[in-house]
Every structure is written in structure tokens, then in C-alpha cells.
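> If you're matching them up, the sequences are chains X and Z in order.
In terms of this note's numbering, the first sequence opens at residue 1 and continues consecutively.
In terms of this note's numbering, the second sequence opens at residue 1 and continues consecutively.
Think of the hints as simulated: they come from the structure by calculation, not from any bench.
Hints are supplied without guarantee of correctness; some may be wrong.
Claimed, not checked - Some chain X residues close to chain Z (C-beta under 10 Å, calculated; not the full set):
1. Asn173
2. Phe206
3. Asp218
4. Ser228
5. Glu229
6. Ile254
7. Gly256
8. Leu257
9. Arg258
10. Ala274
11. Thr293
12. Glu296
Each residue gets a CB set at the ideal place from its N, CA and C atoms; glycine is no exception.
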Amino acid sequence: MLGFFLAALLPGLYWDQGPKTADVVRQAGIERVFVPAGQEGAWKTAGIDVQPFDASKFVKLPAPGVERRMNVAAATSMPWVDANGWRLERAANRQYYYDVPWRRAALAAAEASMYNVDAVVHPEPRDLTAFGEMLAFLKNIGQPAMPVMANIAILDDGSEETGEVLNLLSRRNLLYRIVTAPDPKYDLNVQIGDKDFPKDEALDPFAFATMVRQKLTDEKRLLRIYGSEVVLGRLNGDSRRLRVHLINYGGGKIDGLRVRVLGSYHHGKLAAFAIENPELADYELADGGTEFTVPEMGAYAVVDLEQ
Amino acid sequence: MPGPYSGQVVRVHAEKSIDEQSERVDAPTVREMISHGMRSLTGDSDTRDSWARFFSSADVVGIKVNCSGAPGIMSTPEVVGEIVRNLGVLGLKPNQIWIYERFPGQVASAHYDRFVPAGVHFWTAERDRGSIAGYDPNTYVDVNFFGEDDTRSNMSRVVTEHFTKIINVPNMKDHGAAGVTGCLKNIAYGSFSNVARSHSGFKTNTYSFIGTLASVEPLRSRTVLNIMDGLRGVWHGGPFSPSRKFRFYPKQMMFGTDPVSMDRLMLDVIDGKRKAEHATSVWDRSMAHIKAGRDYDQNPNIDRFVREPGHIEYASTLGLGVYEIDRIQVRKIEL
Numbered sequence: 001m002l003g004f005f006l007a008a009l010l011p012g013l014y015w016d017q018g019p020k021t022a023d024v025v026r027q028a029g030i031e032r033v034f035v036p037a038g039q040e041g042a043w044k045t046a047g048i049d050v051q052p053f054d055a056s057k058f059v060k061l062p063a064p065g066v067e068r069r070m071n072v073a074a075a076t077s078m079p080w081v082d083a084n085g086w087r088l089e090r091a092a093n094r095q096y097y098y099d100v101p102w103r104r105a106a107l108a109a110a111e112a113s114m115y116n117v118d119a120v121v122h123p124e125p126r127d128l129t130a131f132g133e134m135l136a137f138l139k140n141i142g143q144p145a146m147p148v149m150a151n152i153a154i155l156d157d158g159s160e161e162t163g164e165v166l167n168l169l170s171r172r173n174l175l176y177r178i179v180t181a182p183d184p185k186y187d188l189n190v191q192i193g194d195k196d197f198p199k200d201e202a203l204d205p206f207a208f209a210t211m212v213r214q215k216l217t218d219e220k221r222l223l224r225i226y227g228s229e230v231v232l233g234r235l236n237g238d239s240r241r242l243r244v245h246l247i248n249y250g251g252g253k254i255d256g257l258r259v260r261v262l263g264s265y266h267h268g269k270l271a272a273f274a275i276e277n278p279e280l281a282d283y284e285l286a287d288g289g290t291e292f293t294v295p296e297m298g299a300y301a302v303v304d305l306e307q
Numbered sequence: 001m002p003g004p005y006s007g008q009v010v011r012v013h014a015e016k017s018i019d020e021q022s023e024r025v026d027a028p029t030v031r032e033m034i035s036h037g038m039r040s041l042t043g044d045s046d047t048r049d050s051w052a053r054f055f056s057s058a059d060v061v062g063i064k065v066n067c068s069g070a071p072g073i074m075s076t077p078e079v080v081g082e083i084v085r086n087l088g089v090l091g092l093k094p095n096q097i098w099i100y101e102r103f104p105g106q107v108a109s110a111h112y113d114r115f116v117p118a119g120v121h122f123w124t125a126e127r128d129r130g131s132i133a134g135y136d137p138n139t140y141v142d143v144n145f146f147g148e149d150d151t152r153s154n155m156s157r158v159v160t161e162h163f164t165k166i167i168n169v170p171n172m173k174d175h176g177a178a179g180v181t182g183c184l185k186n187i188a189y190g191s192f193s194n195v196a197r198s199h200s201g202f203k204t205n206t207y208s209f210i211g212t213l214a215s216v217e218p219l220r221s222r223t224v225l226n227i228m229d230g231l232r233g234v235w236h237g238g239p240f241s242p243s244r245k246f247r248f249y250p251k252q253m254m255f256g257t258d259p260v261s262m263d264r265l266m267l268d269v270i271d272g273k274r275k276a277e278h279a280t281s282v283w284d285r286s287m288a289h290i291k292a293g294r295d296y297d298q299n300p301n302i303d304r305f306v307r308e309p310g311h312i313e314y315a316s317t318l319g320l321g322v323y324e325i326d327r328i329q330v331r332k333i334e335l
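In isolation and in its complexed conformation, chain Z is listed as follows:
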């Protein structure tokens, strides 16, 4: 990251990609969206060629899904299935493809197994919450936020020991602590242990921690492609989505190698929706809206933390991508 397409994002919108009432996803439309998005990103006329710019049949590819809001919202199984199919076209065998996350219960509820060939690995870092067995003891960020004794966040073993490439497949979501969660937070907090400690108080450490984790090697260089799944979105209460009340349907996907540029665009999508719903902006730092407990579940003007959407700009200072909106080249495709 930010890869060969720094400061470039392809945005594909398809009205029929998902039915808002049933939340049924139209798989052929998803296939078309991904094909158009990848070809537009690379400039190739053939979809296979565009994928071949990133992957070869020798690669072991990790697909970092986001399942923290499952089953209400997650990296859509039809999207993940289409990504796996395209890797297969390049000659990757199912056992060269790993779908990975941190917690097994969330992944199980997404039922990816129904959308990918047998043999694709499903791997979660924590068999039990807090387990460190799935993390690399030698690759970690050591930081003391509030006097906690365990100051290490370790990178997942599969990232350091198995994958040669990673595809990051986040959603478009509000996040109570980080402001929003997209490419950066999905790849960072989803690939390291012991990260919730960064938001244990009303004022969090997400501002600098997200970008810091995303910039650690080999995660940084192995994450070669970001496909943001915005068929569904969450405009409040994220990253979870226990009810449909705060879900919405951007019906779009974004493609790129620059996580900062993609998140910068997604930030406007989430904040725009919040404004349309008369909710506080993700930029609002007033303590007047902060309240302990679970009232945020029902009221979009109550927050659990002071949001830190500035984490995206901070990540740009680490060289992870382009933040300034007028420097981001966006190609829009309407299907």
C-alpha cells in the first residue's frame, strides 16, 4: 500500500446489485461490477489480464473479509465468491486461497462456504476470544495506551507465514470509535491481536493506531488490492448491525490499491447519510453526545466514543495513500 494506483479509485454503482427489501444480492450484477471495476482500474480490456497484474498461479492469497456486523452486514458472500472465481481463472487452486478474519462465530454466520469451491481455507485467528495462538509472536506493535500490562498487538500468523498477497474486502460502515471503518481499519484491526484496548475509554487511540498497524510489514506490502463492498452500508451503530434500522444501500463497490483514497471517499458517503438522517456528523467531537451504555443502539445522536475519522488523514502521513480529495482521481461507472 498504496500500490501502483496511488490516488486512484474506481467506483462502480449498480442499482440492481441488491434488493433493499429482501437484501437479496444479484450475483450476475456483482460479477459485472467486479469485471468493470478491475478493468477500469488497470486499463485492461480483458478481466483476466487485470487480475493477472496482481496475482499469479503461484500465489497464496488471503482475502481479508469483514464479518464484525454479520449476519446483518459483512463482506458479501457473492462478492467474495466472485473474487475467488477470478483467482481460479488465473490458475490458483482452492487450497491457495484463504478467507480470514479474527473471530470464528462471525465468519460462520456469513456462510461463505456456500459461495466458494471446496478446499478454500477458512481461517480465524482466535479460536477463543483473546487467544494468541494464531498470532506471530515476533511481529507486533508495542504500545501502552492506558497502563495495560499487555502492550503488544501481534500480526496474524497467516499474514506473516503463509500469504504472498492479500485482498482487502471491507464494507462501508460507521464506527463508533474510528468514525468510519473501511480499508484501513479492516486490514489493520482485522490482522492484529489485542486492538480493542485502543478504544477502552471515551477518548480513543484509534487516530494513530489504525494507520500504524496498517503500515507494518509484511501486511503493508502484501495487501495489493482493496475491493470495498458497499452494496450495504451502516450509517450508525457500527461496526455492528444488530438491526436494519441503521443499514442503508449505497449499491456500489470501490476498487483500488490506495486504502487512504478509498476511505476518504467512503467517509463522505457515511457522513452524508448521517446528515441526511439528521444525525451528528462523524466529525462532531462534542462530549455532549457521548454516553455510556447501549443507548447508541437506538439513538443516532448518542455515541460511545469521540469519533476519530482523522485516522484516515493520519494514515496518509505514514505514506499509505493520498488523502486530499482534490488529488484523488475517481472514475465512476454506472451499470
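Isolated chain X, as found in the complex:
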């Protein structure tokens, strides 16, 4: 159930407001700064070490967030979450670039950090402070070197259909890893196109994700999130510790979130971005799992659990 991990790297800033804004960048406390090629000297003169930004080296990602697609027919009224986790799971070793509208820069930084990928974020200028605060938060909580945890293995054929299935599995907090061959250490192996997972079924990714969930069963799920349709999770863990990442794509604060993880962890500690002195509530061990409430969270929170 354990996947590989990479060394942590805080997201960088792509900043095209010119060296005259050096004080603002310095105040935001950002360490990795990318600027348009040719400006490096002027920035150095202003006292900030920068790197030239070469867009061709980066994969551009859609801005993370939530859309309310009222004009699109759907089986439910669930919000449409634009999350890149499935893309990052698919190719974790690439470099990514976010060009995001106002109020999304901190979220983009959190997303890149949660999936432990190298990313550069281009925020709206008025978002610089929030972006810097998120980087400070990420630096403070660190990134313990623990493998990613999942109980579904997926053989990815690289197709668009499989991509959409991955997207919906992420959306449902059905934790998976992409593998190149079936691996018995996972509770469920999914190979689109075999007899258990016919390719035609993947044409309806919503139904396909439901089928995967049914085959896995909710009892075996490593992570359950109750109380929000817009919070996605990820787990890193080893034999005695677990880090639960929670990212809120909704834009606003979440007023109470109940989380269940499989396994018994006797101690838990919450860190929540932009929330002072956060503490877990209603912490319990029950039925082979650990449950707790995150009373309030903004864009991102992590819960560190120990047995």
C-alpha cells in the first residue's frame, strides 16, 4: 500500500512585475523566484537571486478551484472540482506551472506541495502575500519523508478516458497509485480493458469510479471525508505515522470536517493554514479506524497521526 516519495520542494514564484517590486517580493519571504528571461541582472542588483523562467520546460496546469456548472446536466448537484491531483499522480517527475486568477495562488501552492511535485506559480500581484503565507506554512509543517499510501493500483494506458477515471477517483478520495504491472500488495488492481473493468465502462467515468469503489468496498478505504464535497485528501505514512493532507478547493472556510482513516493512531496534531491554534476535536478510535473532526480549515490542512 506504500508508494515512492520524492524530496520535498517548495513551489516557486513566477513574477513579472519587474525589479521595482523587489521590496514586495522580499517582504513576502519567497525564496525561489522566477522572472522573465533577461531580467536576472536587474533583480540581482535589487538584491534578490532569481532564475529565468522558460515556459517550455513546464507543463501548464489549469487553475485549481470549484465551478458551479448550473447549466450542465448532472446526476447530482455536486460542485465541479477542478483539481490536478490525477495529473500530478500521472507524471510526478515533471515540472509544473500554474497561472492562476486572484485568490487561487495559495491553493495552487498547497496542491503542488500535497502531491510533492516541483511547480512554479504565477499569481495575480494582489495574491502575493497569501502565496507567501502559504509557502511559510508549508515550510513550517515540513514534508516528512514517508511514502504515499493507497489501496488501489491502476495500470494507466495514458488515454483520455483513463485520465478522467483517475480524476473521478481522486475526486472521490479513492486513493490510488499508478503502476506498470498488477501489484498484489494493493487491495484492488484496476486495468481498464480487462474482464473486471471493461473499456466501455470507462466511457462513463462517474459510473466507473462507482464500480471501483464498490469492488474495493468502503470498509477498506484508507480515507473517508465527511462534511464537504470540495475537500480532497492524500496520505503519506510509514509503519507508525500517518500524515493526512486535506485540501479545500471551495475557496471559503470549511466549518467542520469529519475524517476517518483506517488504522489506530492514538495521537493526532492539526496544522491548518491561516487558522490560529487549531486543534482536533472529537478524536476517537473505533472499528479499526481513527476518526477526528477538523473544526475549521481554509485552503489546506495537515493532520499528523502517531500510533
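Chain X is fixed; fit chain Z onto it per the hints.
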């Protein structure tokens, strides 16, 4: 539930209880209706004695109002005020009484504070829509209706942690999904989180979910009295009531401990009114009348969902009360 008066309902009608034009409620008549209704239910000659069969000065009482149609229709403030007054007569202090609902905006528009003494609590489960902070994380029903990830509906914390008794004060209303909404749906959907998911599609899961929630402890045993406020009613478009077009005035209240029997009687009131208005029956399951969008707001022959009035009979199979109409003992009082 169904309590000591299973299969029994007292129905009190008073023509002057509400003025149909102004919708002004006559508080003295409401007081008389409640006094007659409670005494008839318990067989006591003194109103205080009838209330004392249910409550003592040591109780912490939750009053489950219904405000989903407010300010057009809700548990009438004069009715709620009279209930609180009777609890006060028993020696309960205002801070032992809680008026509770799920959403704060709806309760605020009812202005109950003008009808009850200072110190009575007003409590709503969801400060913001979807917030789970007001719900008990350990008391829930877990069910997957359509593949939703959040499969839990949790009971309000005040029900599990504070109240010793609950008075359920529903209205008489049509409900697009459940068919009608009375005692069962008010106490069930009004005391749990994440319930709207049961009617996210044309075909809903209200049939079994309402009774299932109502039967969960401690909600079931703490709900000791149902007072159905039928001064006003809604015969179409419920549970909301944005205009007066679909409101009507049964001018009655029902008293009992059996929510199934009371809802069974209310079902005939709503369906009878719909028939009188040449609207489809609440029992009609034809998809021909189902239409997405908001046309149901104007046309009583358009529905949003296939109605499930059978939820009342289903609740009887869970032991929540008596459904068969010929087994329900109704005492009618005319004022």
C-alpha cells in the same frame, strides 16, 4: 414515539384562529386550542396536569419548529409562544427551553423572540449551510444513495447532548419529494445533517429515509409530544411558500404522541385540498408531471420529484405508529 397515545389523535378546529386575509393569528384562540387539545389527549381536566404528564421542572426541552417555508409558513410564533408558556407553568425556566432548527436565516425570519421570554435558547445546527459542527459525530445513519462520498447523516448535538424531551411542532404541508411533510419529516430531516441528498434525483429515497431517521435513538424516545400546527397549510410547492398562491387555512391543530397517525390524517388534508384545486394527487407517480426547473412554483400539476407519501406507512413498519385509518382513534373538537 409512538408514545403512550399510539393510534390516537386529537384534532381541534377553530374558525377564528387565523384571519385568511391578513393571516393574523388570534393568540387567545390558540391558547384555547392548545388547552383543549392537551386535556383531551390526556383525559385531564386541568391543562397543567396534562402537560405534567410529559414534562417536569427538571427537563431540558427542545421545541423542533419548522421554518423551511418562513416567513410565509412556519411553526406559528403564537403557537410556539403558548407551548413555552405552558412549560413555564410547570416550573421550567426559560434557559431550559430550546427552539431548534437547522438553518439560522429561516428561524430569524420567524421572530420567535417576540413571543417567548428572554433566556429561551434559539439554536440552529448549521451556522453556514453544510457545516457539521452542530452535529454529533458519533450518532449517524450511514447510507449510500447515488454514489455520494459523504454517506453519513448525523444527529444534531443538542438532541444527543442536551435535551431530555422534545416537542415536535410541524406544519401541514405538501412536499415535492416526500409527498407531504408533517411530524415524521420535520423531526427526522430537521434533526439530521446531509439529508437533501435523499432527493437529488427525480426518484427519491425519501420513502425509507424519513422513517429510518425518525427511529434513531435518542431522537425517537426523546420526542414525547407532537403538536401539528395547521392554522396555515401549503397544498403545493412545499416545503417552501414563497407566495400565498398555494397557501390555505385548515385552521386546526392536532395533538398526539403518534407521528404516523397524525401524518396519516394530514395526508388526507393535503390530498383533499389538491383534489379540490384540480391538482394531481400526491399519490400520482406518473413521470408525465415531472419537470426540472422552477415551473412547479407556478403550476400545481408540475412536480419536481415522484412524491413518496408512502413514507408514512413505511414508518409504521418501523414501529413508529399506527397507519391504518380505521385503527386511528380521532377526537374532534370544534371551538
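> What hint numbers does the structure not satisfy?
The structure breaks only hint 10.
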